[in-house]
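Position chain B with the ligands relative to chain A; hints supplied.
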Amino acid sequence: MAFGVEQAKRWMNIANDKIQQQKQYLTELDQAIGDGDHGLNTARGFQEVVEKIASVNYEDLGSLFKDVSMTLIAKVGGASGPLYGTAFLKMSLALNGKKEADDKELVAALEAALSGIKARGKASVGEKTMVDVWEPVIELLREKGSMQAKEAALLAKEKMEHTKELEAKKGRAAYLGKRSVGHIDPGSASSYFLFAALAEALEG
Amino acid sequence: MKYVSLVLISHSEEIVSGLKKLLNQVQPDVPIAIAGGNDGEIGTNAFRIKEAIESVYSEKGVVILFDLGSALMNAELAIEMLEKTGHIAIADAPLVEGAYIAAVEAGLGKSLDEVVRACEQAKQMVKVEH
Ligand SMILES: Nc1ncnc2c1ncn2[C@@H]1O[C@H](COP(=O)(O)OP(=O)(O)O)[C@@H](O)[C@H]1O
Ligand SMILES: [Mg+2]
Numbered sequence: 001m002a003f004g005v006e007q008a009k010r011w012m013n014i015a016n017d018k019i020q021q022q023k024q025y026l027t028e029l030d031q032a033i034g035d036g037d038h039g040l041n042t043a044r045g046f047q048e049v050v051e052k053i054a055s056v057n058y059e060d061l062g063s064l065f066k067d068v069s070m071t072l073i074a075k076v077g078g079a080s081g082p083l084y085g086t087a088f089l090k091m092s093l094a095l096n097g098k099k100e101a102d103d104k105e106l107v108a109a110l111e112a113a114l115s116g117i118k119a120r121g122k123a124s125v126g127e128k129t130m131v132d133v134w135e136p137v138i139e140l141l142r143e144k145g146s147m148q149a150k151e152a153a154l155l156a157k158e159k160m161e162h163t164k165e166l167e168a169k170k171g172r173a174a175y176l177g178k179r180s181v182g183h184i185d186p187g188s189a190s191s192y193f194l195f196a197a198l199a200e201a202l203e204g
Numbered sequence: 001m002k003y004v005s006l007v008l009i010s011h012s013e014e015i016v017s018g019l020k021k022l023l024n025q026v027q028p029d030v031p032i033a034i035a036g037g038n039d040g041e042i043g044t045n046a047f048r049i050k051e052a053i054e055s056v057y058s059e060k061g062v063v064i065l066f067d068l069g070s071a072l073m074n075a076e077l078a079i080e081m082l083e084k085t086g087h088i089a090i091a092d093a094p095l096v097e098g099a100y101i102a103a104v105e106a107g108l109g110k111s112l113d114e115v116v117r118a119c120e121q122a123k124q125m126v127k128v129e130h
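Quick note, the sequences are listed as chains A and B, same order.
Residue 86 in full-length UniProt numbering sits at position 86 of the first sequence, and the numbers go up by one each step.
Residue 54 in full-length UniProt numbering sits at position 54 of the second sequence, and the numbers go up by one each step.
Some hints here could point you the wrong way.
Here are the simulated DSS-like pairs of lysine-lysine, each with C-alpha atoms no more than 30 Å apart in a straight line [unchecked claim]:
id : chain 1 : residue 1 : chain 2 : residue 2
1  : B       : Lys123    : A       : Lys118
2  : A       : Lys118    : B       : Lys84
3  : A       : Lys98     : A       : Lys144
Rather than coming from a laboratory, the hints here were simulated on the basis of the structure.
Chain A with its partners taken away, still in its complex shape:
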């Protein structure tokens, strides 16, 4: 598997397509247990991302993901802005100077992204946040020792659905306490779209 600038751009483009298609769904999820802006937030953020990266000829993956990060930080006002912004910033540092990443390097970069999300939001597994998708997915990749993107996407979907059962302990939904049970976490849903998009980007 080769993951270069072209694949990275394709990942972002597919992710954006999915998020634009699912904008209303993400909005509804966030209306149920948050403030309803997650669809708008991620749709605006990733639209800006694809516009930003389309016009640039990147020398390396680090500078591409740096732009992704800065765009999300600048454009997304909700929690997902600093969280995804930090995730892609850590990826950009991990891939600094690399034109292409092999399996191990890509997995390591995703691992760095997860650490970034956890350092920023201080959430652990079970608290009904995007960490409930990211952590098991990264664990799977680490165990496999290679970029099993399809399996990762399947697991992401399963874990996203599992957040329905959880009570929110972090983020805005935590204000709802037990009433947050029974709804999928919006950030986990958008995170699933990111992993599904990565699998598609690596396929074709």
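Just chain B with the ligands now, with coordinates in the frame of chain A:
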């Protein structure tokens, strides 16, 4: 600069601009910067917070107060993006009462540590006796 300065962060521009007015009335000498909203909408923005910190930065110190959870993430991100990073503290305090106490204490020329400690006391303040 003689005074610790304040940075007020809110998801709403109106909350912090109103709060700043209220504090200026009590303590006009303390430098106060605000970072409210994101592109005119509800939210916070790390770049705006960074600019707010820079606009009132001094070695005497900057105390940051914020409203809701994700404002903290953007405040921390803003601090990481700054070139100067010393003398900046995020207070664990309710925004309105905390900022009020911070402005009063800063106006008395207190140190950054003292201002932070004082405004964090706002959490224990009893507002209504039952
Ligand atoms: N502390 C946190 N750690 C990890 N993820 C979090 C945290 N707080 C919120 N999230 C994620 O962010 C999502 C909400 O994003 P968004 O709606 O953009 O932000 P906001 O809650 O500020 O409106 C949640 O569904 C959750 O997955
Ligand atoms: Mg929201």
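Item checked: Hints breached by this structure -> Structure breaks no hint.
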